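K.L.:
Each chain, letter by letter, is given below.
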Amino acid sequence: MKIKRLIYLLLAGATVMSSCKKEFLDEKPPTAVPVADAIKTENDLADAVNGMYNAMRSSSFYGRDIPVIVDELADVTYISGTNSGRYLAYQNYSYIAGTAEPANIWGQGYFTILQANRIIYAANGMGNTNNVNQLKGEAYIVRATCYLEMLNFFAQPYTVNPAADGVPLITAPTNIIGPFVKPSRATSTAVYAKIISDLDSAFAIMPTAGTALHATNSEYLAKYAAKAIQSRAYLYKGDYANARDAALAVVTSGGYTLTPSTGYLAYWANPAAQSTKVETIFELALNSATNNGTNGLDNFYWQNAGYGDALVYTDLYNSYSATDIRKSLITTTSPTRGAVLGIGKYTAFNNASEKDDIKVIRYAEVLLTLAEGYARTSNDVLGLQYLNQVAKQRDPSFVGYVSTGAALLTDILNERKKELAFEGLRYFDLTRLNLQVVRPVQAGTAPTAAGLAVTDAKRIFPIPQGEIDANPNIKQNPGY
Amino acid sequence: MKQKLLIILLLGFAVLTNAFAQDRKITGRVLSADDSQPLPGVSVKIKGTTKGVLTDGDGNFAISAATGQTLIFSFIGYSEHSAVVPAGNLPVIKLTTNNKLLSEVVVTDGYTTQSKKFRTGASTTIAGVENENKPFSSPLQALQGEVPGLNVVMQSGQPGANVQVRLRGISSIGAGSNPLYVIDGMIINAGDLSRLTTSTNVLSGINENDIESITVLKDASETAIYGSRGANGVIVINTKRGKAGKTQVRLDIEAGNTKNINPPTAGRPLTADEWKTLFIEGENNAAADFPATYTPARVASDIAGAGLSGGLSNDWLKLVTRTGQQQQYNVSINGGTEATRVFSSVGYYKQEATTIASNLKRYTGQFNVDHSISKKVGLSANINFSNINQNTPSNGGAFANPNGGIWFLTPYQLAYNPDGSFNTSRSGNTNFNSNYNPLFLAANDKKYDSQTRILTALSLKWNILDNLKFTSFGSIDYNLLEEQRFDNPTLGDGRSAFGRGYDDYSRFFNWLTRNQFEYRTELISDLRFNATAGYEAQRSQSYFITAQSNGYPATQPLLTASAAASTPIAGSGTFSNYAFDSFYGIGGFVYRGRYSLTATFRRDGSSVFGTTKQFGNFYSVGGAWNIDQENFFNKQHILSSAKLRGSYGTVGNAQGLGNYQARATAGYGSNYAGANGQNYNTVGNPELTWESQKKTDIGVDFGFLHDRLSFSVDYYRNNIDNLIQTAQISRTTGFSGITQNIGAMINKGVEASIKGVPVRTKDFLWTTSFNIALNQNRVLSLINHAPVASSTFQFREGMDLNTYFVRLYAGVDPANGNALWYTDGTRTATTSVYGNATRVNQYQADPKAFGGFSNTFNYKGFNLTAELYYNFGNMVNDANWGFYLNDGSAPISNKYYYDYAHRWTTPGQVTDVPKYSNAGVNAGQSSNFSTRLLYYGDYLRLKNLVVGYEFKNINVLKKWGISRLYLYGRGTNLWTKTYDSRLPFDPEQGTGGLANLDVFQAKTFTIGLNVGF
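Top line first, the protein sequences correspond to chains A and B. For the first sequence, position 241 (counting from the first letter as 1) is numbered 241 according to our numbering, and the numbering increases by one without interruption. For the second sequence, position 459 (counting from the first letter as 1) is numbered 459 according to our numbering, and the numbering increases by one without interruption.
FYI, nobody ran anything at the bench for these hints, they're computed from the structure. Note that the coordinates shown come from a computational prediction; the quantities given were computed from them, not determined experimentally. One thing to keep in mind: the hints can contain errors.
Unchecked claim - Quick list of simulated restraints, FRET-style, between CB atoms: (1) A163/A - S790/B: 35 to 45 Å; (2) A443/A - H785/B: 46 to 56 Å; (3) A212/A - G658/B: 54 to 64 Å; (4) K392/A - G305/B: 19 to 29 Å.
Note that beta-carbon positions come from the ideal geometry of N, C-alpha and C, so glycine has one too.
Given the sequences, and given the hints that come with them, work out the whole structure.
P.N.:
In C-alpha cells form, the structure reads like this:
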C-alpha cells in the first residue's frame, strides 16, 4: 500500500512539474524570426535583400501601380471604356486623400524603405567584406530609389520649389525607432541630399564585380546602377551637370550596351533575367513561383490575356516612324476590344514558367539623360550624339536628329517619351520641367480631362488619409 | 516557482497526515434516487456527534466511524436519510427529492462539481435528454431558444456548418465573441477549423445522444476561473457516465427527410415569363430614356442575348434544391458495478441538405469508464471519437454556388441539353458564357472535408484525507481535417487551369493537464468551507499541409486525386501553436445552507500575448442567499423557494488573436528570383494582451407552489475594456496599423426564464417554459473617439456596435419612377441622387430580444412537445446581393418577386419599387445599399414539434426484454412567422444581419424509435 501511494505521488508530482517552465510560453513562429535576430550572417543579409526586392515588386508599387499611373497621368496611356474599373481616377485627376493607390504607393514605399533601413542597420555591424558591401550598397540604392519615387508623387518638384515639403525621412528600422513615431515632412532639399548621399555611399562601397553570394544579373542592383539612378535623381533635381557626370560614369565604365533594333523585340519578349548587360540596368524579378498573378502589370496591359485595360494614344503610336522597331511593341487589335492600341512590352501573363520582369532603369534612359545633361550644359554636339545613339539604334532608317538649343531639348524629351513609354517615367518628365499635361485628341473613349495645368493641386498626390489620421505632424498637400 | 513550492508542500502535508490516520474509514457514495446522478456537497454526519463530512463532486465521502453508529445524510431539496454503519461496506446511499418538482442541478465545470444551490453565479444547465435525437448535426443548434441570453444562429442550412453563438451580446470588435467550449473538462479548439470547405464545426462531432448535460456559464463567478478565455461565456458539455446496476442497452433509430424552406414570396425568383416581361420592359424603358445608347439594334441584340427568343426555360430554384434524406442510428450501453461503471455508444448520422451537393455523414463513438481502484483512488477515462464527412458547396457570389445560380442565372439558361445531358456549352445565349451550370458542378466538382476528432481524457482522483482530494487530469483534443477541393476541367473555376485540385491537411494536437487539490470541511457547525487550488498547462499544436495541382485528365471525371494531375502548383507545410500556463484557486463558504460566498482566482499566462503582458490575474467574488432556508421563510406559503445571488469579477478575452501577432518578426516566404527572402513584416506589440470584461450579475430565483411555477431573473453588466483593435500608425514605419488594447464597450441586459406546470393530474401533465433575453450593447470608447466604418455599419460611441450606417430610402417619385432618398436623418427633404443623401446611424443588426417558448403535454403514454424560438428588434440586410437582385442595373440576373409585383410603371403610381430599366435608374444607383435593402429581422419559428407514444406495461415487450419503447414523429422548422412583407430571404442571419446566398434552411420530418433493453 505504501509503495502504491508513493507511485501515485510521483505520478502526480511529475505531471505537475512537466510543463512548469518559463520557455513553455515562448512559442516560436514557423516562418519568422524575431526581427532583432533576423540578420546575423551574410546569408541572412542576402535573404533580407531578397525580401526588400520582393517588397519593391509588389503590385502596389513598381509591380503595377507606379508604371500604370505615371503613364496614365501623362499623355501615354488611357483606360479603355471597357474596363475592370481600375485606375480611372488618374485619367480623370479625381484622386483624393482617401484614394487607394496613393495610399498603397506611400505604404509600400515606406515598407520597402523599412527593409532597406533594416539591412543598412544590420550591415553597419557586420564588417566590410565584399558580400556585406555589395548587399548594403543594394539597400542604399533601393532606399534612394524609393525616396526619389516618393518625392515625385507626393512633393512639389524640386525644380519648382526646392524648399517644398518633401516626405518624412526615415533612415532607421521601426524596431529601433519604435512603431509610434510621428515624423513630419523633410524638405525636398533634405530628401534629395539623402538620396544623393545614399547613392554615393553605395557606389563607394560596392564591388565592381558584384559578389559571389548572389547572382550578378539584371535582377540585382550593381555598382553602376547607383550611378544610373543618381543620374535620374540629378536630372529630376535639375542639377544637369551632375546628372551628366553620373550618366557619363555609367556609359564609360558601366559596361552596358544597347541591343541592335533586330534584337529589340526579342529583348522585350524575354521575361527572364540576363547577365549580358544589354539594355537593362535593373529590373525586378517575377517568375512562375513569385509573381503578382492577376494583379500583375502583364495582366493589366496585355490585350491577349487579362484585363488589358490600358490603351495607347494614337498620337504616340503615330509618332513612331514605320521603320521604328518600337512601333511593333504596340499591338493594334484586341480579342475583346477590337481595333485598339495595346501595350506589348509585358506579354508573359500566360507563360507558365516565367513572368515579365519589371524594368526599373534601362541603359537607354541613362543615354538620354546624358544627352539632356550635355544639351543643358551647353554642349549640343554631345547631346545630339547620345540622343541619336538611342534613336538611330531603334530605327535603322532614321538619319538622326540635327537640332540644337531648345529644339534639341524638345527632341530629347520626345525621344524619352517614345523610348520609355509604359515604364512609368513620362509624367515626371513633365513635372520636373514644370510642363502642362496636354493630352492628345483621341477617338473613342478618351479621358474627359484634356490635361493638367502646372498650377493644379492634382499635380501631386495627396498625403494618404491614413497617414494624416495617424500622424498629426504630417502636413497635407495644398488643395486636398 | 512559488506555485511549485506550494504544491510540493501540500503534497507532502497530505502524505504525512494520511500516515497518521488510524481509525476505521467508512467510504460511501451518495446518489440522487431518481436519476442516479452523484450528489456533491451532501452533509454526512454521525448521529449524536458533531463529526461530519461533505460529499465530493462525485458524491463520494469518507468518514471515520464505528460499526453500529448512524450516519445522517442531509441535502437541500432532498429528504433526510439515515443509515447504520454495517460491519462491511456501506451500500450506495440514494436520496429522494422532497416533493419539489425541480430536480437538483449539479454543475460540473472542469474544476469543481457543486450543487447549483450553493453556487453564486449565473448559469443555465440543459439536460442532454431534452435534446436527444434532434435532427441537428451539432448540439449547439438544439440550444437555440433554450438558454436565456444565448443567441444561437444557423446562417446556413449546410449540415455541419458553423453556428454563430453569442452570449449576452457581441463582446468584441477586433477579437472573437465566441464562447469557450469545455468538453468533459477539456478546453477544446472549437469553431470552424477548415481551410477549403465552406463551413465546418468541430462540435458537429458530438452526438447529442451522448450528452449528459450542457451548462452555459455566464457571469464572473462562473467564468473567471477560465481566466483570459472566459469572457465570452463558457459552454460546458459533459458526456454521459456509466451508472452501476443492470446493464442498459438503448437503441435509437430515426429516419426522415429534409424539405426546402423556399424564400418568402417577396423573395421568390421570377418565373421565366415574369423575367421575360421584366427584361423587355427594362429594355424599352432604357430605350425611352437613352435612345442614343439603346438603339433598336441594341435592344434586339440584348433580347437575343438574354436567350428569350428560344422560348425554352427552366426553374433554377427547383433545379438546385431537392428533398434530402435524414437518418440517424445510435446504440448505447450503460452499466457496471459500483467499482467500474461504463457508458459506451456508437452512432451514425446522415443528413442531406435541400441544396444539391450539400450533405453530411457522421460516425461517432463514445467510451466512458469510471473505476474505483481502491477506496481512496478512482480513475475516470473517456474517449470520444468522431468522423464527419461533409460536402459543402460554395456560398456568396461564387459562380460555383448553386444557390447563387438561382439568381445569377436567367431562367433561359438551360441546365440540360435536349438529350438530357448536362449543358456545358460556353457560347450561345442560353448557355453558360461566364457563369456556370451548377448542376454540372454539383456532379463533377468536389468541396469535401473529412474531419476526424478524438477527444480523450484520463483523470485520477485520490482522496488523500477525508477532506482533501487530489485530482490529476490530462486530456488530448485531436482534430484531423482532410480537405479536398476539385474544380473540373470542363466548366467552372477549374476550366482555365484544365482542372484544378487542392488538398489541404490540417492537424490539431491540443493537450491539457490540470492538477488540483480540493479541500472541504465544516469549519464550525453549519459553516462549510471548500477550497481548490491547482495548476494547469495547455498547448495546442497545429500542422498544415497545403497542396495545389492543375491539369487533370479531361475525360476521366473520377480521377480527382492530385497525383493524377499534370502540373504541381503549390505545396507547403507549416504549423501554428499556442500555450497557456495557469494557476488557479477557488474558495467558498456556505453557512447553514443559507449564505454562500465564493471567490475564484486565476493567473493566466499565454504565449499569444506580448512579452511584457504575458500574465494576467482574473478573479471573481460572489454571494448567494438561499432565503428559503431561513426560518421565517416557512411562515409563508406563497413562495416555495427563493434565492438571491450576485457576483462581480474580471474575465479576459483574446480570441482570434494570431498566435504570433504580438512578436516583431521578420518573416520568410518573401522570396525573390527563386531565392529565400525575409521581410520585417509583423510589427508586433509586446504590450498586447487580453480584453478584460468586468462582469456584474445580480439574479433572483424563486418558485411558487412547490416550485410548480418558478422564475429566474438576472440583470447583468459586462464592462469591456482594452478592446483588441488595430490602431492606425504612421505608414512611415512601414506598417499601417498595430494591434492594440484600446477602447471600451458595454453589454447590459436582463434575462428571465419562467418554468411552470400548469396542469398536473394522474394522467395529464403540461409543462411549459419561457425565456427572454434583452441585451443592450453600447460602444463606449473608440480609438481617438472617432467613428469607424465597417462594411454596412459604423461603430460609434454611444451606439450599438452593429448599428447600420445607411442612407434612408424614401420610396419612389410617382412622377417618373425614380428612387428617392432622404437627404438626412430629419426625413424632410428627398433627393434622387444617391450620393446627395447623407448616411445616418440607425437600426441595429443584433436582436434586442430573443428567447424560446416551449410546451410539453403528456397524457398517459402520449406526449406532444412544441418549441418556439423568437427573435425581435433587429434589421437584416441584403448589402451583398441586393444591388443585383432588385433593379435593372444588373439586368442579366433574376429578381425578387416583390420588385416585379410592385415596380413603378405609370406616372402618378405610388409605390416603393422604382421603374425597371436595364440602363438602371438613378444612374444605376437605385438598388445601392440603403434602408431599401434593410428588412425587419423579427421572426417566430416553430423549431421543434414532436408527437410520441411511450409503450408501457406491454407484456409482449417485457417478454422480449424490452424495458422501453417510444415511438415518435418529429418536425423541425415547420412554421416561421416574419413581420416584413418585403423580406426576400430567411430572417435567421446572425448578428451581422447579412444574407449571403447560403444553403437554404430546411424543414425536417422524421420518425423515430427508442428502444431500451
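K.L.:
Checking against the hints above, which ones are violated?
P.N.:
Of the numbered hints given earlier, those the structure breaks are 3 and 4, listed in rising order.
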